[in-house]
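All chains should be built: construct the whole structure from the sequences, respecting the hints.
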Amino acid sequence: MEFHKERGAIMANQISDQFQYVGKSFPVQDAWLKVQGEATYTGDMVIPGMHFAKLLFSPIPHGRIVSIDTIKAEALPGVIGVFSHLNAPISAQPHRHTDGAVGACSQLTFNRYRTIPQQELCPEDESLFPETVRYVGDRVAAVVAVTMAIAAEAVKLIQVEYEPLPAVLDPRDSLAGLGAAIHPGGNLLHEYHLEAGKPEVMPEDSITLSSWSRAPKMHHAAMETHVCLADYHPSGKITIYTPCQGAFGVRTIVADLLQMPYRLIRVVKTTMGGSFGGKQEPILEPVAAFLARATRRPVQMIFDRPETMVSTMCKPVTESTITTTAAPDGRLLDCRVDDLFDAGAYATSSVDHAHAMSKKILRLYQIPYYGHRSRTVYTNTPISGGMRGWGAPEIITAMEIHMDRLAKKLALDPAALRAKNLVCPGDLDGVTGMTLGNARIRDCLEKGMISFQWTKRRARTQDEGRFRRGVGLACAAHKNGMYKGFPEYSTMILKMNEDGSVILNTGQHDVGCGTLQAMKLIAAEGLDLDPEMIDVLEADTETGPYDFGCYASRATYIGGACALGAGQKMRQILLQAAGKIFMVPSQHLATDRGTIFIKGAPERRLSYREVATKAAMEFNMELIVTHTHYGTSNPGVYAAHFAEVEVDTCTGLVRVVDYLAVHDVGQAINRMMVEGQIQGGVQMGIGMALCEELKIGADGRTINNSFRKYDVINAPDMPEVKVLLVEEGGDDGPFGAKSVGEIALVPVAAAVVNAVNHALGSDLSDLPLTPQKIIRSIYGVKSSETGVE
Amino acid sequence: MLISFILNGQETCLEIEPDWRLIDLLRDKLGLTGSKEGCGEGECGACTVIMDGKAVHSCLVLALQIRGREIITIEGLAKNGELDQIQSAFIKNGAVQCGYCTPGMIMSAKALLMQNPHPTNEQIRIAIAGNICRCTGYSKIIAAIGEAAGN
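As given, the protein sequences belong to chains A and B, one line each in that order. Each residue of the first sequence is one higher than the last, beginning at 634 in this note's numbering. Each residue of the second sequence is one higher than the last, beginning at 4 in this note's numbering.
These are calculated hints, taken from the structure and not from any lab test. Be a bit skeptical, because a hint or two may be false.
Claimed, not checked - Here are the simulated DSSO-like pairs of lysine-lysine, each with C-alpha atoms no more than 27 Å apart in a straight line:
1. A:Lys-1213 - A:Lys-1247
2. B:Lys-82 - B:Lys-95
3. B:Lys-32 - A:Lys-789
4. A:Lys-657 - A:Lys-1202
5. A:Lys-1042 - A:Lys-1053
6. A:Lys-657 - B:Lys-95
7. B:Lys-57 - A:Lys-1342
8. A:Lys-1042 - A:Lys-1089
9. A:Lys-1342 - A:Lys-1328
This is how it looks when you write it as structure tokens:
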């Protein structure tokens, strides 16, 4: 396959003409509204009489609240109420903490990651308004007022006295026992070991290499900040409008915290301006719901950018030391990983997140023995949470940087080393024992190498001048859904209106990537109906079916399979009904884009509308199906990325000048949006590699809590990202489709870092590779990086 | 205070507060919520509107600064329900995902094409340098603007 220079060139392995809609390109379902500014996001919503809430955040990283004086704030005209731990929800019963201690009946604690009742790995250490603040940005109090401006003004009038406690900001310091205990159980939140295979005695000629890398604290940087609108109805029902990734999880947490029955909390997923995991946990919702109930009015909460950067969640700092032993020909024999994971001030999802990091490497490589130790620590810094890939970018970045170092040590080409170890189709995941399905990573690597002209570019003589070019690659693996280890199913209700149009009622959450359009295309294919006749509803806990949420790369693999099943079921019902009308067995009928005809006599044809009307009016048939799809597999999804960079050895600035992403997607559902997701993931990964990092000062404040000082990649600095898709199907997703949204980020940072290291002959692995770090490396000035050899 | 200005082709006269930003006037006073506040400090471009032919961050313009000027917002692009070429190109080229950056991005593109009807790829990138997109990686946005320019 030739290397194409066309802008955004897409070459699929086989552009499918076998489907009418699936595999072709469509805009997202509401693009038409969005380009006119007519899409309504939560911050655009107005409920008559609604009030506004602003929060007071802690200015210190660790301390006890000695007193809160809200008198001046409450006296400000327009202020409805001021809330803090003094009037936060209390438990009716003594509360048992995670370390077994029984707490006083004051603060109800919760874990905002706990989506379902009785969920494991969810230490409950957070409260609505804590009595002890644990990071700069922790919630202290809330003001509800008749305007946003008055609420903000009143926040400034709240006077708080703190008794500072020793703070620990660096995860290594926390691991070493420095600083005060942030929670009763101590600062080592969780230690975790995992083993796959049996350690063997290593052959004499084997080579061992150990390396360290660090992935930075990052801001998700969705363009829409965090926002929530909680509407209180006099009947006692609270309706929460929120751009979330799991409406039912929001309901669980809010209802349990406010001690209300689930039927009185309705959560409606609204149009979302991006999330990338940042809106996966209910952060604003419990507060807004509490305030709405307390003031008996609708309450809108909008975080500005600095608040979103600091007081929601951020991608965790992780440090990984990877030690591999390989045969001289590059075969990996033994791999040990030691992770340090910074949870920040509260546990939330960090325990599960640390676990997730242990399950990725064996999806990508065949290694006889794998040992993983991870330690998760609290620090007095902004709370960690999952960001796109949920542990995969962190651990795969570390592994792929390590593999390049190993290749150097073994004098092997980096691609050749990967090829020696990558999984093959049908291999088993060493950790879970599940089949990896039609794992096409080798195809991705081979096709990518040819298209990118890898060998030629890699062999190019190194430049001597100011600008040095280099190329790097990285392979990645991820998953499709939550099967094995967590319940996994999705339910949808499909009903046909009398005019033959359809409403597909789902528990889906479109994060902005066009999930609903994909559901339309899949249902349309199953139903044999123009997608424009199909309307897809998003998650609404009151009116829609249960769904776990949009995460874990399950939306297409599980949700899409459900949409297909529902469409196919409805098509069968229509055939039955048409059979009655034609007085012909339904096996003799066929469908064609919203019509049903008799095989061999196509002039005898009815539209779905005619069938639907007759069914309703004459056969007492309602055309409605409820379909549940159960996940029974979790194949690997793969990608190989290739980057070319140019390093300015005078300034330390790095430009990514060329980029190729090859993805094993099984079957693209909406081709244009698959490419778009990949290209977006590359923007995020380049930022992770080169410039994105939330920096915490010695006083615990986030120094760069604004876009002015937090650098993301803008249009002039973004390379043209070419995309190649490998579509070999073979797994249980709709039409063989596998995920793309998360894996799009996973290999990027390593590909860029490996390219920089190739350009400079360096071994940089402390992300991001800022100009300062690059200059220090070039001129041999010691940095604080510890490279273990 | 009372100010007069032209908004999306219409002569407008409004009572404003001296501390309002243009984005507050548009969103809160006039209900034109197409322009978004992504950062409040002129870095992300989600609030971009056109003032006297130039793309500006409405979060950095005081409402009273628009007195006597002509403002175009995203809501003013489509004429009688017919989309502007840039809007159609965005839809067709997959340049819209979550849509939050889209209004500002389109307004920056509009301002560019009003000045320079046939920009190069590089000129397009620079025109949207002040508009952050976290979803698309910019490729399809640049392709869309190029198509609207007839490139």
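Verification of the supplied hints:
For a cut-off of 27 Å, the pair hint linking Lys-1213 of chain A to Lys-1247 of chain A stands: about 10 Å separates their Cα positions. At roughly 19 Å between alpha-carbon atoms, Lys-82 of chain B and Lys-95 of chain B fall within 27 Å of each other, so this suggested pair holds. A C-alpha spacing of about 25 Å is found between Lys-32 of chain B and Lys-789 of chain A, which places the hinted pair at or below 27 Å, so the restraint holds. This hinted pair checks out: Lys-657 of chain A and Lys-1202 of chain A have alpha carbons roughly 23 Å apart, not beyond 27 Å.
Taking the CA atoms of Lys-1042 of chain A and Lys-1053 of chain A, the gap is near 15 Å; set against the 27 Å cutoff, the hint holds. Proximity of Lys-657 of chain A to Lys-95 of chain B is assessed by CA-CA distance (about 13 Å); at most 27 Å being required, the pair is judged to hold. For the proposed pair Lys-57 of chain B and Lys-1342 of chain A, the alpha carbon gap of about 25 Å is at most 27 Å, so the pair holds. Under the criterion of a C-alpha separation no larger than 27 Å, the hint pairing Lys-1042 of chain A with Lys-1089 of chain A is consistent with the structure, at around 21 Å.
With a C-alpha separation of about 10 Å, the suggested pairing of Lys-1342 of chain A with Lys-1328 of chain A holds against the 27 Å cut-off.
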